[in-house]
Amino acid sequence: MTEMLEISDLTVHFQINQGAIEAVDHINLTIRRGEILGLVGESGSGKSVTSFAILRLIRPPGRVVSGSVHFDGIDLGSLPEEQMRRMRGAKIAMVSQTPRTALNPLLTVGRQISRLLMVHAGLSTREAEKRMLEMLRLVRIPAPEKRANQYPHQLSGGMCQRVMIAMALATSPQLLLADEPTTGLDVSIAAKILDLLRELSAKTGAAIMLVTHDLGVVADICDRVAVMHAGQVVECAPVRELFHNPAHPYTKALVRSIPRVDRDVVLEPIPGSVPSLVNPPSGCRYAGRCEWAMDRCRVSRPPMVEAAPGHVVACYGFEERRGTC
Amino acid sequence: MALVEIRDLQMHFPLGGISGTLARLRGRDEPVLRAVDSVSFDVEAGETLGLVGESGCGKSTVARCLVRLLKPTAGSVRYAGKEIATLDAQTMRPFRRDIQMVFQDPTASLNPRLSVRSMVEEALTLHTKFDAKERRARVEELMQEVGLGRDLLDRYPHELSGGQRQRVNIARAIATNPRFVVLDEPTSALDVSLRSRAILLLEKLREHLGLSYLFISHDLATVKYLASRVAVMYLGSIVELSDTRDLFAKPLHPYTRALLAAVPVPDPDARRDDFTLAGEIPSPIDVATGCRLRGRCPLAKPICAEKPPLKEIAPGRFVACHLVSELSP
Ligand SMILES: Nc1ncnc2c1ncn2[C@@H]1O[C@H](COP(=O)(O)OP(=O)(O)OP(=O)(O)O)[C@@H](O)[C@H]1O
Ligand SMILES: Nc1ncnc2c1ncn2[C@@H]1O[C@H](COP(=O)(O)OP(=O)(O)OP(=O)(O)O)[C@@H](O)[C@H]1O
Ligand code: SF4
Ligand code: SF4
Ligand SMILES: [Mg+2]
Ligand SMILES: [Mg+2]
Chain D
1 MTEMLEISDL TVHFQINQGA IEAVDHINLT IRRGEILGLV GESGSGKSVT
51 SFAILRLIRP PGRVVSGSVH FDGIDLGSLP EEQMRRMRGA KIAMVSQTPR
101 TALNPLLTVG RQISRLLMVH AGLSTREAEK RMLEMLRLVR IPAPEKRANQ
151 YPHQLSGGMC QRVMIAMALA TSPQLLLADE PTTGLDVSIA AKILDLLREL
201 SAKTGAAIML VTHDLGVVAD ICDRVAVMHA GQVVECAPVR ELFHNPAHPY
251 TKALVRSIPR VDRDVVLEPI PGSVPSLVNP PSGCRYAGRC EWAMDRCRVS
301 RPPMVEAAPG HVVACYGFEE RRGTC
Chain E
1 MALVEIRDLQ MHFPLGGISG TLARLRGRDE PVLRAVDSVS FDVEAGETLG
51 LVGESGCGKS TVARCLVRLL KPTAGSVRYA GKEIATLDAQ TMRPFRRDIQ
101 MVFQDPTASL NPRLSVRSMV EEALTLHTKF DAKERRARVE ELMQEVGLGR
151 DLLDRYPHEL SGGQRQRVNI ARAIATNPRF VVLDEPTSAL DVSLRSRAIL
201 LLEKLREHLG LSYLFISHDL ATVKYLASRV AVMYLGSIVE LSDTRDLFAK
251 PLHPYTRALL AAVPVPDPDA RRDDFTLAGE IPSPIDVATG CRLRGRCPLA
301 KPICAEKPPL KEIAPGRFVA CHLVSELSP
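If you read the protein sequences in the order shown, they are chains D and E.
First residue of the first sequence? That's 1 in this note's numbering, and the numbers climb one at a time after it.
First residue of the second sequence? That's 1 in this note's numbering, and the numbers climb one at a time after it.
Just chain D, same shape as in the assembly (with noise of 0.2 Å):
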C-alpha cells in the first residue's frame, strides 16, 4: 500500500490521582505519499498527544494503552529507542505548538538547525551553514545573515515559528507533524509557509499531518480531514465533502461558524461543555451538548459508519437520519 502513516486503534492515558485521562481513545488514522491531512477539532481534544504518541514522546505519567503506528511500513513500536532517535530527526519531523518553548534557549537559531543538518543529514559544517542560510530564506526571515546569530528570545513569535519550520523542513522529512504552524503568522506569510508544505508534499511526497483550528487553512490545502472530538476521530472526509456534508453535529457546528473577514461575524459558541476525560460517560461523549441526542447515544459509543465514499461518521443521529433526506 501507500500509506505513509498509518494509526491503529491507538489509546493514550494518563494516570492521574483521579483515574486516568483519556486523552487519545482507540483512534485509527491514515495518510498516503504526498497526501496532506487536516487534523482539526475542539482545544483539548488529544491532537497533540496524537503526535506526540507517533513521536513515541509519551512519557510517565502518560502510557499508550493500545494501538499501533506504521511508518512507511514500519512498525514503530517495535523500533528500538536508538533508531527512533534517527527516524525523529531525519524521516519524520514535527512543528510543536509552542515553538519559543521548543527550541534550545541557549543556542543561536542558525545554530540549532546546522547542527540538526550535520547530524541528521551528513552535511559539513559548511554546507551546513549555506542550507541553513537557505531554510530561513524560505520561510521569510528577512536578513537571515543576522538572525541566524540571535537566540530565540530575541526572535518574535512568528519568528520562532518559521525558525521551527525550517528546521522541520531542512531535513526533507517522509512526514511532518505540524502543529498549528500558521498561528501568530500575518495571512501572507502564512500563505508562503502553506506554498512551502504542498511543495514538500508534492515533490518528495512527504506525507503531512496539519493540526489547525483555521478551517481557511483546512480548505486551502489539505486533501482531507479528520475531525477530534474529546479524544475521539468523530469523522473524516475528503475536504469539498467535509466542507459540503459535514455529517456530525460537531463538524456542523464548526463548519458554520467559520470566521469571514467580508462578513460581519457571527459568534455561536456551541452551548454546554466538553465532558471530562477522567472517567468520560461511555457513550457519545458529544451526547452532553449535542441536539439530536437520544437515549442510545447515551449508552454505547457510536461505531464508525461510511457516509458517502472515503467519507466515514461516528453519529448514531446521523444514521437515523441518512434515508431522510
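Keep in mind that the hints were calculated from the coordinates and are not lab data.
Hints may be right or wrong, so weigh each one.
Below, computed lysine-lysine pairings styled on DSS-like, alpha-carbon distance capped at 27 Å [as the list claims (entries may be wrong)]:
{"id": "1", "chain 1": "D", "residue 1": "Lys192", "chain 2": "E", "residue 2": "Lys250"}
{"id": "2", "chain 1": "D", "residue 1": "Lys91", "chain 2": "D", "residue 2": "Lys130"}
{"id": "3", "chain 1": "D", "residue 1": "Lys146", "chain 2": "D", "residue 2": "Lys130"}
{"id": "4", "chain 1": "D", "residue 1": "Lys192", "chain 2": "D", "residue 2": "Lys203"}
{"id": "5", "chain 1": "D", "residue 1": "Lys146", "chain 2": "E", "residue 2": "Lys71"}
{"id": "6", "chain 1": "D", "residue 1": "Lys146", "chain 2": "D", "residue 2": "Lys192"}
{"id": "7", "chain 1": "E", "residue 1": "Lys250", "chain 2": "E", "residue 2": "Lys307"}
{"id": "8", "chain 1": "D", "residue 1": "Lys252", "chain 2": "D", "residue 2": "Lys91"}
{"id": "9", "chain 1": "D", "residue 1": "Lys146", "chain 2": "E", "residue 2": "Lys307"}
Incomplete in silico selection of chain E near chain D, CB under 7 Å [said to hold, decoys possible]:
{"id": "10", "residue": "Gly56"}
{"id": "11", "residue": "Asp105"}
{"id": "12", "residue": "Ser109"}
{"id": "13", "residue": "Glu145"}
{"id": "14", "residue": "Gly149"}
{"id": "15", "residue": "Gly163"}
{"id": "16", "residue": "Leu194"}
{"id": "17", "residue": "Arg197"}
{"id": "18", "residue": "Leu200"}
{"id": "19", "residue": "Ala221"}
{"id": "20", "residue": "Tyr225"}
{"id": "21", "residue": "Val263"}
{"id": "22", "residue": "Pro282"}
Heads up, the beta-carbon is just placed ideally off N, CA and C, and yes, glycines get one too.
The hints should help you fit chain E with the ligands onto chain D, whose structure is shown.
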C-alpha cells in the same frame, strides 16, 4: 484624558554578538535593532484598540513596554495620567492590578511549578482582599467562564493542551477585574467555538465593567468584530490608525491595502482589491531612510525618500504616506 496614552514610544535592542563587540572596539555606537520607533496612540476607557501588522513588526514589543515588562528606550507611557515608562519594579507595583496582559506564548508565561488553581489564585491573593473561600469561588467561576472543566484545577501547565493553557492565561488576566488588558493573540490556540466564547466574555467585561483592551491579532475577522479603532504597524511604526469600519471599508495606506487584500475570502464572487507588495520583507536592523515601505511599495515616488509623518487626513483617520491625499477619493 484617555486611559492610556503612548507618545513617541521607542524600543531599540542592542544586537550583541560579533557586530556589537566590533563596534564597541572601534568606539562606534553599537548597532541596534529598531523594534519600535516613535509610536503614539491612545486607548480610551472602555475601548478596544486593535493592533495589527506583519509578523516581527513590533506589536509584542509595544505590548511589553505598555505593561512595563520592558523599559522603553525613549518615549512616554501614561496610565490614567501618570507616567509609568520610567518606573521600576517597586514603584510599578500599584499599577499591576489594573494593567494585565495575556501573552502570545501561553506556555512560556505560566509558572511550571504552580497548579492552575494556584496560578489564578495568586493574582487574587496579591491584588484583592478576598478570603480563601471567596478566592476559591472566584477561581471556579473564572474557569467556567473560559470553558475549562473543574477537573483541570489541580493540573500543572505541562499537563494541559495549548488552548487550555491559553485559557488559563485569560482567566488569570481578568481575575482581579483590571481596568486595562493587553491581549497578545489571546485566542490563537482556540477552536472557533471556544474562541467565540472567549470573545463574548471579553465583550461582556468591557460592557459591564468598562475594561479597555489593546487587542493584538493576525485574525482580522476577530479584530473587525472587537475593535472600535485599529492601528496598523509596519516595521516598528504606525502607518495607519482609523475607525474600524472605515479601515475595512477603505484601507488607505498601501501597506494596509496589501494586508487586507491578502486575506483569503472563501467566496469566489467577493469583490477584492488585488493590491500586492513586491520584494522582500525588510529587517529592522538596517532600516532605510524615508518611508519604510519604499522598497516594496508599487506607488513609491521620489518624495518617499523622505519619512512621511502620520497625518490626520480626516477626523480620527491618521495615515503615514506621502501620496495618500491622492489616493483618497
Ligand atoms: N502530560 C499530560 N498530563 C496530563 N494530561 C495531559 C497531558 N498532556 C495532555 N493532557 C490532556 O490530554 C488532552 C489532550 O491534549 P492535547 O494537547 O492533545 O489537546 P489538543 O487537541 O492538542 O488541544 P489544543 O488545540 O488546545 O492544543 C487534554 O485534555 C489535556 O489536558
Ligand atoms: N529581547 C529582544 N532582543 C532583541 N530583539 C528583540 C527582542 N524582542 C524582540 N526583538 C525584535 O523586535 C522586533 C519586533 O518583535 P515583536 O515580538 O514585537 O514582533 P511582533 O510584531 O509581535 O511579531 P509576531 O507577530 O511575530 O509576534 C523583531 O525584529 C524581534 O526580533
Ligand atoms: S451519537 Fe448521538 S449524541 Fe453523539 S453526536 Fe450523534 S446524535 Fe449526537
Ligand atoms: S510614502 Fe511612498 S513608499 Fe511609503 S507607502 Fe506612501 S507611496 Fe508607498
Ligand atoms: Mg495542541
Ligand atoms: Mg508578537
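Structure-based check of all given hints:
Restraint check: the Cα-Cα separation between lysine 192 of chain D and lysine 250 of chain E comes to about 26 Å, which is no more than 27 Å; the hinted pair holds. With a C-alpha separation of about 21 Å, the suggested pair lysine 91 of chain D and lysine 130 of chain D falls inside the 27 Å cut-off, and the hint holds. Note on lysine 146 of chain D and lysine 130 of chain D: the hinted pairing holds, with a Cα-Cα distance of about 14 Å set against a maximum of 27 Å. For the proposed pair lysine 192 of chain D and lysine 203 of chain D, the alpha carbon gap of about 16 Å is at most 27 Å, so the pair holds.
Taking the CA atoms of lysine 146 of chain D and lysine 71 of chain E, the gap is about 24 Å. The hint holds against a cut of 27 Å. Simply put, lysine 146 of chain D and lysine 192 of chain D have alpha-carbon atoms about 21 Å apart, close enough for the 27 Å limit, and the pair holds. As the CA atoms of lysine 250 of chain E and lysine 307 of chain E are separated by approximately 23 Å, the hinted pair is consistent with the 27 Å bound. Pair hint lysine 252 of chain D plus lysine 91 of chain D does not hold up; C-alpha atoms about 36 Å apart against a cutoff of 27 Å.
For the hint linking lysine 146 of chain D to lysine 307 of chain E, the alpha-carbon distance of about 25 Å falls within 27 Å, and the restraint holds. The interface hint given for glycine 56 of chain E is met, as the beta carbon of that residue sits about 4 Å from the closest beta carbon of chain D, less than 7 Å. Given the 7 Å rule on beta carbons, the hint for aspartate 105 of chain E holds: about 5 Å separates it from the nearest Cβ of chain D. A least Cβ separation of about 10 Å between serine 109 of chain E and chain D goes past the 7 Å threshold, and the interface hint is therefore violated.
For glutamate 145 of chain E, the suggested interface contact is broken, since its CB lies about 11 Å from the closest CB of chain D, more than 7 Å. The interface hint given for glycine 149 of chain E holds, since its Cβ lies 5 Å from the closest Cβ of chain D, which is under the 7 Å cut-off. Given the 7 Å rule on beta carbons, the hint for glycine 163 of chain E holds: about 3 Å separates it from the nearest Cβ of chain D. For leucine 194 of chain E, the shortest C-beta to C-beta distance to chain D is roughly 5 Å, which falls under 7 Å, so the interface hint holds.
At a threshold of 7 Å, the smallest CB-CB gap from arginine 197 of chain E to chain D is about 4 Å, leaving the interface hint in force. The interface hint given for leucine 200 of chain E is met, as the beta carbon of that residue sits about 6 Å from the closest beta carbon of chain D, less than 7 Å. The beta carbon of alanine 221 of chain E is positioned within 7 Å of a beta carbon in chain D (closest approach about 4 Å), and the interface hint is therefore held. Taken as an interface hint, tyrosine 225 of chain E checks out: its beta carbon lies about 4 Å from the nearest beta carbon of chain D, inside 7 Å.
Interface hint status for valine 263 of chain E: upheld, as the beta-carbon distance to the closest one in chain D is roughly 5 Å, under 7 Å. For proline 282 of chain E, the shortest C-beta to C-beta distance to chain D is roughly 6 Å, which falls under 7 Å, so the interface hint holds.
Checked against the numbered hints given earlier, the structure breaks hints 8, 12, 13 and satisfies all the rest.
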